[in-house]
Amino acid sequence: MSDILAAAGLTKAFGGLPVTRNVSLAVRAGEIHALIGPNGAGKSSLIGQLAGTLTPDAGRVTLDGAEVTHLPPHLRARRGLARTFQVSALIGGLSALENVALAVQARAPRPLAPFRRAAGDAALEQPALAALAAVGLAERAAAPAEVLAHGERRALEIACALALQPRCVLLDEPLAGMGHAEGRAIVGLLGGLKGRFAMLLVEHDMEAVFALADRVSVLVEGRLIATGPPEAVRADPAVRAAYLGEAG
Amino acid sequence: MTRLAAALAAALLLAAPLAAWAAGNAYLLALGTRAAVFALAAVSLQFVVGFAGLVSLGHAAFLGIGAYALLMLGGAGLDETLVSLPVAVLAGALFAWPTGWVALRTRGVTFLMITLAFGQMAYFVAEALADYGGDDGMPLDRAPPLAGTALLAQPVAFHLFVLLLLAAAIAAARLLGASRFGRVLRAARQDAGRVAALGFDVTRVRLIAYVAAGAAGALAGWLLAVTTGFVSPALLDWRVAGQLLVMVILGGVAAPEGAAAGAVGLVLAEEALSAASEHGRIALGALLLGAALLRLRLRAPAR
Amino acid sequence: MSVGLLLVQTLNGLELGVLLFLIAAGLTLVFGVMDVVNLAHGVQYMLGAYLAVAFAAATGSFWLAVPLAAAASLLLGAVLERLVFRRLVGADHLDQVLATFGLILLAEEGVKLVWGPAPRSLAIPDLLAGTVPLFGGLRYAVYRLAVLGAGLLVAGLLALLIERTRAGMRLRAGASNAAMLSALGVDVGRLFALVLAAGAMLAGFAGAVAAPIVSVDPGMGGPVLILAFVVIVLGGAGSVRGSFLAALLVGLTDTLGRSLLDAALAGALPPAAARTAGPALASMLIYLLMAAVLAFRPGGLLPARGRA
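Chains as they are written, first to last, in the working numbering: chain A, -9 to 238; chain B, 466 to 768; chain C, 32 to 339.
In short, the hints are calculated from the structure, not lab data. Just to be clear, a hint being listed does not mean it is correct.
Pair ranges (Cβ atoms, derived) [stated by the list, open to error]:
#: 1; chain 1: C; residue 1: Leu144; chain 2: B; residue 2: Ala595; range: 29 to 37 Å
#: 2; chain 1: A; residue 1: Thr1; chain 2: C; residue 2: Arg195; range: 33 to 41 Å
#: 3; chain 1: A; residue 1: Arg100; chain 2: B; residue 2: Ala633; range: 20 to 28 Å
Okay, the calculated bits of chain B under chain C, using three or more residues with CB under 8 Å as the criterion [what the hints assert, rightly or not]:
#: 4; region: 565 to 576
#: 5; region: 656 to 666
#: 6; region: 748 to 754
Ideal Cβ placement from N, Cα and C applies to all residues, glycine included.
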């Protein structure tokens, strides 16, 4: 299987404090690759470097084999790297449908057409409706993003990522702050999307990780201490000592 | 509220020629034209402040550029509207491009300070133009011909010309705001990181908006020069930029027609207060301060 | 240009620099720590100058006038904080612009009402009148040296306050991370009031000592405010050390650039062209400097934010 997204030797420090230490990691086509680690392990910094909001001090990031280490986020997105945010950051004032339509617009021909009315544009709204339906939000299309329930917002985030027709999606704690039932719905949703694109899943919920992931990488204090199939990682003594043991 | 204010402002501007004729006072028409020109300038600024969320305090530079473009072209005998107006607009865009590029490297209040600094730079350049009156400025030789005719020298015709351009600017701003481009611009005001993660080049989108606003600001400057028949560095004073921003804020920020109404309101209030007393601007200052504090109090419980 | 003239221009540049620093110091904190835009800060400088003129006329002494003007500026800052500025904390930037722009109109027009629109001036005190010889037969005004010395002294005191006191430590913490302040249990409102009043006093003091060497008029605060903004942007918002560095840089660039550019253009261009291009280019220099710095360091020279 080929690597869609790969990091090699990523290193990053903030004011002398290392947050990412020589991390190499690959997400293969079609797989769900989970990234786990205790709080403060540097997961968000790593996601930032992969998405382009942070520049690593050393190392490289490749997307589909091409180096993107110094590309800004929007150019990575255009090459097929989508992401969801940890703090759900939908555009308030726009409806659920319009939020997804904005994502469709990013992939449409003439995405910035200056005199083409955005609201009610079927070329944007039909694919957006399809993406909403895929995450079970079709009935909520007209609701403003800010009135959606927490779980609905997460689903809407995933619909936006879907609409980008990505090669790889970075999922930054999609289950954070969610009740058990809501969380299982998102797990089911992600499981159903498996194979359409590669996913790097950053998540604390171990049940979700082991239900979804093909491979798991463990990050502790900025360093990758293990990568492999879930069972192997679960059995790894170093991982148990550093992380799973502590989590129970 | 915005609609009512905009309708009232439109009525006042349309009625200005009639009022001047009925009262036998040409000054009323000149005042109306001036208000309409500032309304156009405010509409151009509203585009960056309201839609893009970029608070610029350097917009007077574009007024000045448009006005000086006309003065300089007039000196070369090229003041024909069909030549000088597009050149003025282009000059505004050309100044907006590099200065906007630098200013957009920053956010929030820093953006405000940098645009202010670039505005001041333009002011000093105007002051140094010794051939065009330096500090004191210079009158225009004549109202610019329109397609070879002296139509714009006729006050009522010029007033209607300004109103036409104002209406076109408001329509264009509304169209742009509702377009694909406008949706990206407004979404980026709320969360630039998210919009970038979708694949939009936020800085480029904002720069385009800034350049468009600069071009329209220069158009207003060209009109202002014709309105007053005089061009001087005072047009580029930072207080003018502040006034433009105040017009946009008073108009409610969100809509171009609101900014136009804010401009008409401020120009007329200033005129009325100065006419009432030599120190009427004190009352204007108190009014603005009071308006700000009132807005804060009204909004306080929500926060 | 001779070495002597270069020295004179360097001294002039440093003097402008310390004055700008006094004005920018309070403003950068108000902006960097509390995220409040204060367009009316130039008014404090202008009022400081007018107050010095008024107190000098009333007491007949420059030496009483300057501290009185500084004290009155402090008081005014405290009153304005209570009436206006405390309501602006956390408000939308546009409301801050509206309120402080209103304050400017109010203050400038008020000054015209009280003292008239004509420029005023303040006499240099006898003790500081006259000039001292530099080498090469050039002389330099004692008063300007005194302004430079006083400015450096105040800057030093301020540095001491910020580096060594509790309030200073809190300010530095707040500039690098505003959320940290309330997490530390600091009374942010009191800190803000302190910074605003102290900033007003510094700006008023700058206006008072500048009064004998500039034209005291209602509009004098505007250009100074804009230069202070350039200083803040260059130095990094919230960074007092950055402001000091940037203020000296701006002062030197402006005065030295002006004379060096004049000399260079006079050699390179025909006189008429040099007369036009010289002043235009010279006034653009600091803005070009600002643009160049921002192109490489968008956070300024010594950014306060994010410093660990």
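Could you say whether the range 20 to 28 Å given as a hint is met by the Cβ separation of A/Arg100 and B/Ala633? holds, 23 Å
Coverage criterion applied to the region 748 to 754 of chain B (partner chain C; beta-carbon cut 8 Å; 3 residues): holds (count 6)
Given the range 29 to 37 Å, decide if the beta-carbon distance of C/Leu144 to B/Ala595 lies inside it. holds, 35 Å
Taking 33 to 41 Å as the hint, is the beta-carbon distance of A/Thr1 and C/Arg195 inside that range? Distance hint for A/Thr1, C/Arg195 holds at roughly 37 Å.
Residues of the region 565 to 576 of chain B with Cβ under 8 Å from chain C, three needed, outcome: Check passed, 6 qualifying residues.
Can the region 656 to 666 of chain B be counted as covered by chain C under the rule of three residues or more with Cβ-Cβ separation shorter than 8 Å? With 0 residues in contact (Cβ-Cβ under 8 Å with chain C), the coverage given for the region 656 to 666 of chain B is violated.
Consistency note: the structure conflicts with earlier hint 5 alone.
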